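Construct the complete structure from the given sequences, taking the supplied hints into account.
Residue numbers (full-length UniProt numbering), protein chains in the order written: chain H, 1 to 198; chain Y, 1 to 241.
I should point out that these hints are in silico values taken from the structure, not numbers from a laboratory. Here the structure is a predicted model, which is why all the values come from computation and not from measurement. Idealized CB from N, CA, C, for every residue including glycine. Among the hints, a few may not be true.
[To be verified] Stretch by stretch, here's where chain H covers chain Y in the computed footprint (C-beta under 8 Å, at least three residues):
(1) 4–18
(2) 49–56
(3) 80–86
(4) 178–187
(5) 220–232
[To be verified] Here are a few chain Y residues that sit away from chain H, every Cβ distance over 12 Å (derived from the structure):
(6) Ala29
(7) Pro46
(8) Asn59
(9) Asp99
(10) Ala101
(11) Lys106
(12) Ala108
(13) Asp115
(14) Ile126
(15) Ala129
(16) Pro132
(17) Gly134
(18) Ser145
(19) Gly149
(20) Arg158
(21) Lys235
[Unchecked claim] A few chain Y residues that don't get close to chain H, going by computed Cβ distances all over 10 Å:
(22) Asp128
(23) Thr154
(24) Gly173
(25) Gln240
One letter stands for each residue in the lines below.
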Amino acid sequence: MGGAIWDRFLTGRDREVFGGAGYGAYGALPERPALILLHTGIEAERRALARLACMARQAGIPVIHVLEGREDKETGPDRPQDVLPESAASDIVLNRSAPSAFFETDLMGHLNLLRADGVILAGGDTSDAVRATVVDAFSLNLRSVVVADVCFDRWEASHALALFDLDAKHSNVMDSAGVQGWLARLPGGLFALPPGAQ
Amino acid sequence: MIWERYLSAADAARLRQTGLTGPEGLGRAPALLVVDVSWSFAGDDPEADIRDSIRRWPNSCGREGWTAIGRIGALIGAARRHGVPVIYSTGRARADGWDCANWRWKNARTGEPPDIGGSGREGNGIVDAVRPAGGEIVFRKRGPSMFFGTAAATTLRRLNRDSVIVTGTTTSGCVRASAVDAFSHGFRVAVVSDGCFDRGEANHAVALFDMAMRYGTVMEAADAMAHMRALAAAKEAGEQG
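And the structure:
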C-alpha cells in the first residue's frame, strides 16, 4: 500500500523497522466477502456508507449494518428497513455495545450462515470500532479489507496509525475505487442472501 | 505526554478542548497483566538497536523494549508484595505452524526460524527477567488479545478483580487488543506507558493516546506501583479497623 495517509505520522526508523520485519505484505483477498458498515450516525458519513452498500448489493455481496448501542426493542419482527431507512430488505442489521462488532453479537453466526470467508469494513471510528472489529476478524481467521476513504475518525493521527497498523498486520487497506473494481470481478450470485420481507 | 509530537496540529488543538476522555477510575481490585514479553518480542540482546535486532528476531523491539522490561519486572515485584495477581500471556503455535496461518497473511517473515545462536530459546518463552512464579497464571494464545480464545475474563471474575493494569508488548498490537477486550468485558483499564513497548515509535505513542481517549487511564510505572501500594495499605487498615 503506497500509504500517503500514514506516511507523515511515522518516523524514519518506523518505516525501516516495519519493512525490515516483513510487515505489510499483500495478503490474499477473501473469496466470499461480506460488507460490514460500522455506522457513526453522522450524516455525511452515512451517505458514504450508503454508496458503498449500493456497490455491494450490485455485486451480490451481503450488507451488514452495525449500529452502536444496545437494542432496546422488546419484540416484533425485525425488518432492516424499519431499523435503518437506507437499508435494503435483504440487508442485515446488528447492534453492538463494545468496540468490536464481534463482541457479544451474532455477527460470526451470520457470517457462518452466509458462508462468508472474509469481511470488508467501513465506517467509524477507524481507531475504535473498525480497528477492534478487524482485529477480531483476524483472530477468527477471516480475511479482511478496510476501505480507507470510507473510514472516519475525528483524530487524524489515530486514523492514520490505525490504517497503518491494520495494513501492516491484519488486513488489506484499499480505497473504494479499488474495492469497486475487485467486487466487479467477483462471480455473480455468490451468496444466498436473506429474501427480505417487504 | 509521549503522544504530543505524533499528533497533527488539528489533533493537538482538539485535544486542548476535549482533554482525555477515557473512562475514569482505576478500580479497587486490579490484576497486573503482562502481555507477550517473550524472546520473540524482546530479542536476546538488551543493548541491540532495533534495526539490528530484527535481523535475528523479526518481531523484536530493541533497546527500548528491554528498558520497559526492567520496569515490568519491578511492577511484578510490587504486585506480588501487595497481593495483586499477575497474569501473563504469550503466543502459541503448533510445531508445524498450521494454526498461525493468519500471521503469515501480511508478514513475509512469519514462520522464519529466529537465529537463536545456540541459546535454545523458544520464541514464545517468557524472558527470564519477568519469568512467572509457580502458581501464577499464563494464558497461551493465538490472537492478539489475551482474552481471545482464553479463559482470561472468567479468571479475572473468579479472582474478584474489577480492573486490570496492562503492561507488555506490542503497545499497538497485543497490549491494545487486550486493553480493548478488558474494557469490553467491563473491567477498568490502566495501561502503563513506560511498561509497554512497541517496534514502532509512532505506533506506541498513538496507541497510548487512543487508549487514554477511549478505554482507560494511561499512567507511568511509578504511579501504578503507588496505586497497588495504596490499595494494599487501605485493605490492611480496613482489616485492622
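The hints, checked one at a time:
no.	hint	in the structure
1	4–18	holds (count 6)
2	49–56	holds (count 4)
3	80–86	violated (count 0)
4	178–187	holds (count 4)
5	220–232	violated (count 0)
6	Ala29	22 Å, holds
7	Pro46	17 Å, holds
8	Asn59	7 Å, violated
9	Asp99	9 Å, violated
10	Ala101	7 Å, violated
11	Lys106	5 Å, violated
12	Ala108	4 Å, violated
13	Asp115	14 Å, holds
14	Ile126	21 Å, holds
15	Ala129	22 Å, holds
16	Pro132	23 Å, holds
17	Gly134	30 Å, holds
18	Ser145	7 Å, violated
19	Gly149	7 Å, violated
20	Arg158	19 Å, holds
21	Lys235	31 Å, holds
22	Asp128	24 Å, holds
23	Thr154	14 Å, holds
24	Gly173	7 Å, violated
25	Gln240	40 Å, holds
In the structure shown, a violation is registered for the earlier hints numbered 3, 5, 8, 9, 10, 11, 12, 18, 19, 24, in ascending order.
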